[in-house]
Amino acid sequence: EAGVAQSPRYKIIEKRQSVAFWCNPISGHATLYWYQQILGQGPKLLIQFQNNGVVDDSQLPKDRFSAERLKGVDSTLKIQPAKLEDSAVYLCASSLNFGHPNEKLFFGSGTQLSVL
Amino acid sequence: KQEVTQIPAALSVPEGENLVLNCSFTDSAIYNLQWFRQDPGKGLTSLLLIQSSQREQTSGRLNASLDKSSGRSTLYIAASQPGDSATYLCAVRNTGGFKTIFGAGTRLFVKA
Chain A
1 EAGVAQSPRY KIIEKRQSVA FWCNPISGHA TLYWYQQILG QGPKLLIQFQ
51 NNGVVDDSQL PKDRFSAERL KGVDSTLKIQ PAKLEDSAVY LCASSLNFGH
101 PNEKLFFGSG TQLSVL
Chain B
117 KQEVTQIPAA LSVPEGENLV LNCSFTDSAI YNLQWFRQDP GKGLTSLLLI
167 QSSQREQTSG RLNASLDKSS GRSTLYIAAS QPGDSATYLC AVRNTGGFKT
217 IFGAGTRLFV KA
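Protein chains in written order, with our numbering: chain A, 1 to 116; chain B, 117 to 228.
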């Protein structure tokens, strides 16, 4: 079974530039999550999709971050314009059975973003 | 507001030692608790998931326990190996909203 795919693996940009990350979840997983992990901290949820609908985007800085999952499969996360404090690893995760007590999260390898 | 704390932040042990990693959470109204492993530059790999109605889960050399009333979980690693070196994170899913909150992790180094 193929895992969660993310690209690119690394990205270096200057502040005020824009950047986009791509995620392809495990086939059949309806729920997709984007997390931000700052060095030395645990992942923090940015946005959660159920199919192509947004379930939770309460911690997404909407003035600069946007995300979409148009066909309920792939997703993109965009930052425009980037700030220095956006330097982090952006992790995508998916799950099969949202809301089930046995729901497990499956993570991709992440995109490491450096904003200079 | 749920807060998840992991102590210690870092741990170094000799190969073969049994060890315990700790996770504490402030709100006992949880749905489940999951332990993950993260290798440098990699994503998170699920190790064990304990549902709120369960007390423990085991997989190979790993055993995770859950005590909701005290807001604690432990991950026990038996006979540690250098390949166990990684960061271990616990994540709590709340019953309200099903939001998952992560701890900052314990960085484990097992010396050969």
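One or more hints might be untrue.
Stated by the list, open to error - Pulled a few chain B residues facing chain A out of the computed Cβ check, cut under 10 Å:
| no. | residue |
| --- | --- |
| 1 | GLN154 |
| 2 | GLN167 |
| 3 | SER168 |
| 4 | PRO198 |
| 5 | PHE218 |
What the hints assert, rightly or not - Just a sample of chain A residues kept apart from chain B, beta carbon distances all over 10 Å, derived:
| no. | residue |
| --- | --- |
| 6 | TRP22 |
| 7 | GLN41 |
| 8 | VAL54 |
By construction, these hints were calculated from the structure, which means they are not laboratory data.
Remember, it's a predicted structure, so these values are computed and weren't measured experimentally.
Glycine is no exception: its CB is placed at the ideal position from the N, C-alpha and C atoms.
Structure-based check of each hint:
Annotation: B/GLN154 was flagged as interfacial toward chain A, and the flag holds, the nearest CB pair being 9 Å apart, inside 10 Å. Proximity of B/GLN167 to chain A holds as hinted, the smallest CB-CB distance being about 4 Å (cut-off 10 Å). For B/SER168, the suggested interface contact is upheld, since its CB lies about 7 Å from the closest CB of chain A, less than 10 Å. Hint status for B/PRO198: violated, given a least beta-carbon distance of 22 Å to chain A, over 10 Å.
Residue-level restraint check for B/PHE218 holds (minimum Cβ-Cβ distance to chain A is 3 Å; threshold 10 Å). No Cβ of chain B comes within 10 Å of the Cβ of A/TRP22; the nearest lies about 15 Å off, and the non-interface call holds. The beta carbon of A/GLN41 sits about 5 Å from the closest Cβ of chain B, which is not more than 10 Å, so the claim that it is off the interface is violated. For A/VAL54, the shortest C-beta to C-beta distance to chain B comes to about 14 Å, beyond the 10 Å cut-off, and the non-interface label holds.
Violated hints for the displayed structure, listed by number in ascending order: 4, 7.
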